[in-house]
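Note that the protein sequences, when read in sequence, are chains A and B. Heads up, the first sequence is in my numbering, so the first residue is 313 and it goes up one at a time. Heads up, the second sequence is in my numbering, so the first residue is 313 and it goes up one at a time.
Just so you know, these hints were derived from the structure itself, not from any lab. Watch out, some of these pointers could steer you wrong.
To be verified - The calculated lysine-lysine pairs, modelled on DSBU-like cross-linking and capped at a C-alpha distance of 35 Å, are: (1) B:Lys490 with A:Lys508; (2) B:Lys338 with A:Lys508; (3) A:Lys488 with A:Lys501.
What the hints assert, rightly or not - Facing chain A, from chain B, some residues (calculated, C-beta under 8 Å): (4) Pro350; (5) Cys410; (6) Leu432; (7) Tyr461; (8) Ala479; (9) Tyr481; (10) Leu513; (11) Ser514.
Since this is a predicted model, take the numbers as computed values, not measurements. Note that the Cβ used here is the ideal one computed from N, Cα and C, for glycine as well.
Number of protein chains: 2
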Amino acid sequence: MKVTVATKILEANERIALENRRIFGKAGVYVINLMSGPGAGKTSLLEKTLSLNTGLRIGVIEGDIAGSCDAERIEKYGAPVVQINTGGACHLDANMICEVLHDLPLQELDLLIIENVGNLVCPAEFKVGEDIKIMLLSIAEGHDKPLKYPLMFQESSVLILNKIDLAPYIDVDINKIKKDALSLNPNLKIFEVSCKTGEGLSAWIDWLREAALKR
Amino acid sequence: MKVTVATKILEANERIALENRRIFGKAGVYVINLMSGPGAGKTSLLEKTLSLNTGLRIGVIEGDIAGSCDAERIEKYGAPVVQINTGGACHLDANMICEVLHDLPLQELDLLIIENVGNLVCPAEFKVGEDIKIMLLSIAEGHDKPLKYPLMFQESSVLILNKIDLAPYIDVDINKIKKDALSLNPNLKIFEVSCKTGEGLSAWIDWLREAALKR
């Protein structure tokens, strides 16, 4: 019974996600669904990305259970941004995105980044109309995460390992993270970055520019 | 419609949680529901707690979406442990706990610690039959977490701030975490610890011993 309900919810979500994707396609905007656990650095990555010279016109949708602090951080960079509060729900779904599309100047954007609720589990199950799913993992979360949260590593096309500046101070085996992530998803593209020091960000920006403009 | 279903699921869960609690009470075991986001250090806290001289007979239930690495870590300390794999579900519920109760020697335990799935959202909504909810937050997750994930801070009676050894290397305002957490939940008991260096753990152990034996 519970399974039936869940299946129906996922099917309805899939239909709305397809419609969102049609709208994004018509507007010519490349859409990223950015996911991670809490505090891995999604908003910091957005701030860095907006402050570097990408040549891209970027819009942002911020998803949080409560509060608007992430949207306020993004607004400072002059990017169009909408904050969604899920009011308890642990992930964004296609309908929430559909409801805010008219608040964004899609025609004027090359790239829309949707920052999902900080949660390494549920967001991986719900498409929102994105072209690509990208996940962040803070290396401070430890090297056991791929095997404990396999779906998100399987659903994502890109894995960004953040906070690599902390490597000297923590017991973490970055090679094990990469090995286990690739065993779940051999095509995963992996970046190692520090949003604090800026290390590794130029490779990410180069990849992002190419992906967005290829659309 | 979706709300109705969710309400029914929560009501059914509540009934089973009450029954679990009755069983725990009869066995005289104090039960902690330990929650946090991924990689905040729940298993490390358990390892440290088991290795220090608490004088308590402790059992553990490990909840993960997949894998048994946490139970293997706990087994090394000689504690009775059961691993639950939720197979995709983002939290433990009362029924999952009910199903493994016969695998634990409850009569021989003073304390049962249930380590929930690493998720700062959904576990806060589902009682499992615990006496108390305790949450961990790694300070590496940043100081915006109380305002972004208010329910877990409201539901928990104890907040353990872990990884305080990383404070010199990250931009985090620990006082803001404490202030915002206390504004959500004025009775919250807060510990600051490092499971890596051992700092702050003796205060936690003292509190735990007193809480478990008071039952």
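Hint compliance check: list the failing hint numbers for this structure, sorted ascending. Violated hints: 2, 5, 8, 10 and 11; rest satisfied.
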